[in-house]
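Q: Chains D and Z supply the protein sequences, listed in that same order.
According to this note's numbering, the residues represented by the first sequence are 218 to 503, in order.
According to this note's numbering, the residues represented by the second sequence are 218 to 503, in order.
If you're looking for bench data, these hints aren't it; they were derived computationally from the structure.
The beta carbon of each residue, even a glycine, is placed where N, CA and C say it ideally should be.
Do not take every clue at face value.
The following label-pair restraints were derived from C-beta to C-beta distances [as the list claims (entries may be wrong)]: (1) Leu265/Z to Pro431/D: 28 to 36 Å; (2) Pro293/D to Gly347/Z: 43 to 51 Å; (3) Ala308/Z to Asp305/D: 23 to 31 Å; (4) Ala343/Z to Gly276/D: 45 to 53 Å; (5) Pro431/D to Ala492/Z: 30 to 38 Å; (6) Asp481/Z to Ala473/D: 26 to 34 Å; (7) Asp474/Z to Asp305/D: 33 to 41 Å; (8) Ala300/Z to Leu430/D: 21 to 29 Å.
Computed list of chain Z residues with no C-beta within reach of chain D, every gap over 10 Å [said to hold, decoys possible]: (9) Arg225; (10) His235; (11) Ala493.
2 protein chains.
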Amino acid sequence: MTRIGLERLSLNQATVKHAGLREAVALCARHDIPAIGLWRDRVAEIGLAEAVAAIRAAGLHVSSLCRGGFFTQADPDDADGRAAARADNMAAVFEAAELGADTLVLVCGGLVPGSKDLGLARRMVADAIGELVPEAQRLGVRLGIEALHPMFCADRSVIASLGEAVDLALSFPPDAVGVVVDSYHVWWDARLTGEIARAAGRIVSYQVCDWVLPLPADALLGRGHVGDGMIDFGPISAAVAAAGYDGYVEVEIFNADVWAAQPDRTAATVRERFAAVLGGNGGQAD
Amino acid sequence: MTRIGLERLSLNQATVKHAGLREAVALCARHDIPAIGLWRDRVAEIGLAEAVAAIRAAGLHVSSLCRGGFFTQADPDDADGRAAARADNMAAVFEAAELGADTLVLVCGGLVPGSKDLGLARRMVADAIGELVPEAQRLGVRLGIEALHPMFCADRSVIASLGEAVDLALSFPPDAVGVVVDSYHVWWDARLTGEIARAAGRIVSYQVCDWVLPLPADALLGRGHVGDGMIDFGPISAAVAAAGYDGYVEVEIFNADVWAAQPDRTAATVRERFAAVLGGNGGQAD
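With the rest of the complex left out, here is chain D (with noise of 0.2 Å):
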């Protein structure tokens, strides 16, 4: 049975989604958090250097920061739109050295706009990602390719399975690129534990929440804190463990009723789940 202790909790910003970054700094404190996932645009509120002193003041680490990616929003031919995308994703390779986070998570972009062509989609998330990658060695960071539920295929990812996403880690050096396992996005997936150990030492980040139904109405926000939902977390952690990766593990829940609670009830509640899903028995909430 894999136990993750508490020790290797991150908390998401994107969880308690109304805090800035200064807010979610004090909640890890107050919570013994010791890690923290950070959005950009929570750091760009505070500007980085205030951001990289406020972390650094309070001791935590940065688990991942969300998000480069996008890479297929700009037409082939849209020279300048895609300079552009370029450009800020260099900008957020920069931001996640500096905060020394762990990955910069890539949400690597869905169909082409006026296109239907998912394997130009995929081919142009490839070639922005390769663009990317001499700038993160430079820099010493590690991009964390996101398979994003199939769900979101078409609008927000055409990486849509964790196999598509290591083969796509696989074709660039391990120091650069890896993978992030997301629970939500790759949990159904009848070939999940085989995946994950293909992908031995490029994981570089394992989010977790869980699955709840009915599915709302808005599809993105249907996360769920763990152990309110019907993810099998055992299996899911003891393949991620068994693929060499101790890191920490970040709960990161986009659900309107948690964002509407008090900040401290969710950290408290992150807390209590983390340990007894995931720390207590493996998996079976009590």
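Model the placement of chain Z on the given structure of chain D, informed by the hints.
A: Positioned in the frame of chain D, the structure of chain Z alone reads:
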């Protein structure tokens, strides 16, 4: 370029949800649609013998009967529940035989109530199909395992990718078990072309509708007329043809707006889009 002629068009009855069987049959006749996909509840409304007579009188072909399955709804320890489910599936096989349906579509069922064990659910599906195979062979019915989109994994089908459906089908005799390729459920899969190739000789139905954005509040109803969404039908149709499938192509649309439309309007649109997108130039709407 794979061009699918209108002589291969089938209207799945669910596309005109509010029409009874006789109305749907008459609709096909009026719109020169040579085949129909039937639903068991609509057959039961008028009785199996009457349904068979109505179909024969109209000279219609039955491309599928929807549906058997939901093999995981009764707990493994609930002998009565499992017996009832088996009896209902046996009845479905019989109905498919009487109707001369090309396949009995199987929607296999989600997680077992009270369990998060995907492996258990998947083993129960395999066992239940195995129990149906002798009856299917005796009556000359081919069972069609349908992979549903992964967003339905928890509550409707733990068979969540075509590859998984193919693996399962290949463990049974080809005269008894095949797979249904439904564009809506599988279009996102980077491995789709290879999985369709692996299904050669096992494809018992090709169903089409489009993936429209944004996803509706009820995730079951996010299907659009062919050409209204994001799916590139050309490569899928080409792969299905290359795998040797030359049977009917069913248009099956779950969509509140389509259901609210006049059935004659819907049938006309189905025909127009089929000709334009599937028959015209292999995938791109005009």
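Q: All hints, please: hold or fail.
A: Structure-based check of all given hints:
Our hint of 28 to 36 Å for Leu265/Z and Pro431/D holds, since their Cβ atoms are close to 34 Å apart. Here the CB-CB span from Pro293/D to Gly347/Z is close to 49 Å, well matched to the stated 43 to 51 Å. Taking 23 to 31 Å as the suggested C-beta distance range, the pair Ala308/Z and Asp305/D does not conform, at roughly 59 Å. Checking the proposed 45 to 53 Å range against Ala343/Z and Gly276/D shows it holds: the Cβ atoms sit about 51 Å from each other.
Judged by the Cβ atoms, the range 30 to 38 Å given for Pro431/D and Ala492/Z holds: they are separated by roughly 37 Å. The given range of 26 to 34 Å is broken by Asp481/Z and Ala473/D, whose C-beta atoms sit roughly 41 Å from each other. Between Asp474/Z and Asp305/D the CB atoms are about 37 Å apart, so this pair conforms to the stated range of 33 to 41 Å. In this structure, Ala300/Z and Leu430/D meet the distance hint of 21 to 29 Å, their C-beta atoms being roughly 27 Å apart.
Listed as outside the interface, Arg225/Z is consistent with that label: its C-beta sits roughly 22 Å from the nearest C-beta of chain D, beyond the 10 Å cut-off. Distance check for His235/Z against chain D: the nearest CB is about 24 Å away, which clears 10 Å, and the non-interface claim stands. Every Cβ of chain D is farther than 10 Å from the Cβ of Ala493/Z; the closest lies at roughly 14 Å, confirming the non-interface assignment.
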